[in-house]
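A.B. asks: Could you slot chain Z onto chain R? The hints should help.
There are 2 protein chains.
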Amino acid sequence: MSNKGKLIVISGFSGAGKGTVVKGLVEKYGYSLSISATTRNPRPGEENGREYYFKTVDEFKTLIDYNGFIEWAQYVDNYYGTPRKFVEDELEAGKDVILEIEVQGAMNVKSQYPDAVLIFITTKDKETLKERLTGRGSEDAKTIEKRIKRAAEEAESIDAYEYIVINDDLSTCIDTVNSVILSRKCAKENNLEFISQIKNDFRLEGEI
Amino acid sequence: MSNKGKLIVISGFSGAGKGTVVKGLVEKYGYSLSISATTRNPRPGEENGREYYFKTVDEFKTLIDYNGFIEWAQYVDNYYGTPRKFVEDELEAGKDVILEIEVQGAMNVKSQYPDAVLIFITTKDKETLKERLTGRGSEDAKTIEKRIKRAAEEAESIDAYEYIVINDDLSTCIDTVNSVILSRKCAKENNLEFISQIKNDFRLEGEI
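Chains as they are written, first to last, in the numbering used here: chain R, -1 to 206; chain Z, -1 to 206.
Errors might be hidden in some of the hints.
Copies of the same chain look alike in the list, so a pair counts if it works inside one copy or between any two.
The list that follows gives simulated cross-link-like pairs (lysine-lysine, PhoX-like), each with its CA atoms no further than 25 angstroms apart [to be verified]:
#	residue 1	residue 2
1	LYS197	LYS26
2	LYS197	LYS147
3	LYS26	LYS183
4	LYS186	LYS21
5	LYS122	LYS186
Hints were generated in silico from the structure; no laboratory data involved. The model shown is predicted, which means the values in this text are computed figures rather than measured ones.
So here's chain R without its partners, still in its complex pose:
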């Protein structure tokens, strides 16, 4: 099997709990997590380098010019990007890296890293998603409406993903995502070198 790490792209409905799933994957299975850079302002409690790397627009644009992101996008007035150096260093060191990004970024990453694993986290149905989005109790009707609209848009992009994992029970979901990643390492496409080696070993000794 290849010694390079795997790039794992995790997206999902807002409200499906993908943040918690990602946190679980890092804590339970030791995956490496890429922290995005953004030009949006830190929210109370957020820390530079933990939730995001907070950048000015100028800093961000310079990083774009220097090819510092493996993908970046603009949402409303803010920029978001995945720092290239961290990801490439980790992969080179054989670590599997999780990116928690949106569909546009996911497609972008896949075109550069064809063996990236694209996973979409969802609730088991739309009703559950709506319950979770409305049930937090802390948001006003307008915010909830915006979130549901966003989820509806996200639903249109599910086909772009290779795996759909339902987050019904958190711990099961974390284990299942881990299984998906493990399985990709066993896929034939990731073992062509191994296959060719073992065939050659037999052929060289003239045993066939």
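C.D. replies: Same frame as chain R, now just chain Z:
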């Protein structure tokens, strides 16, 4: 996700321990195991319906005529086949069924059940395989030679499989095969109905 069970085809080098892996999958994860039918004579200790269903050549040929096998093949002088009814009943009942069969049968199954999962169990290299084949101590040189020749032929067929799982540590190997099966259930292709459902749910309410 589909409620039908998955068909899991496990092949591998003689000496890679696939029999023990399959046993572990049944015991630890509750997979259903298909018992093959054969015309070869029972060996000491083998029981009808446990290792094989032992049939006469006439009985076997009648079963072929009645489409009683999902695949069958002749090796040397003996016939081997996978009884159709058991497999189809189990799949219909939502159970995942393991077939431990050779490459020819694997290809045959895949053409009839395109979403069958094809897994090849191997040692981590050829040397380890030879050690295992020669190290049993109970076989004469000629039998060992035949086994290695057979392994060399099997190596030529690895490409036919979708997943390559290395049996270095038995328990890890069993868990990895289980991961491969789990992950296939999450593959987009196995969730088209779910995807279309959730999209429709959003569209019907006019939320997009």
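A.B. asks: Is it within, between, both, or neither for LYS197 and LYS26, if the alpha carbons may be no more than 25 angstroms apart?
C.D. replies: The answer is neither: 37 angstroms in one copy and 32 angstroms across copies each exceed 25 angstroms.
A.B. asks: Should LYS26 paired with LYS183 be assigned to within, between, both, or neither, using CA atoms and 25 angstroms as the limit?
C.D. replies: both (19 angstroms within a copy, 22 angstroms between copies)
A.B. asks: Are the CA atoms of LYS122 and LYS186 at most 25 angstroms apart within a copy, between copies, both, or neither?
C.D. replies: Between copies, since 15 angstroms is at most 25 angstroms while 30 angstroms is not.
A.B. asks: Given identical chains, is LYS186 near LYS21, meaning Cα to Cα at most 25 angstroms, within a copy, between copies, both, or neither?
C.D. replies: Between copies, since 24 angstroms is at most 25 angstroms while 29 angstroms is not.
A.B. asks: Within a copy, between copies, both or neither: which one fits LYS197 and LYS147 at a CA-CA cutoff of 25 angstroms?
C.D. replies: between (53 angstroms within a copy, 12 angstroms between copies)
Violation of the numbered hints given earlier is confined to hint 1; every other hint is satisfied by the structure.
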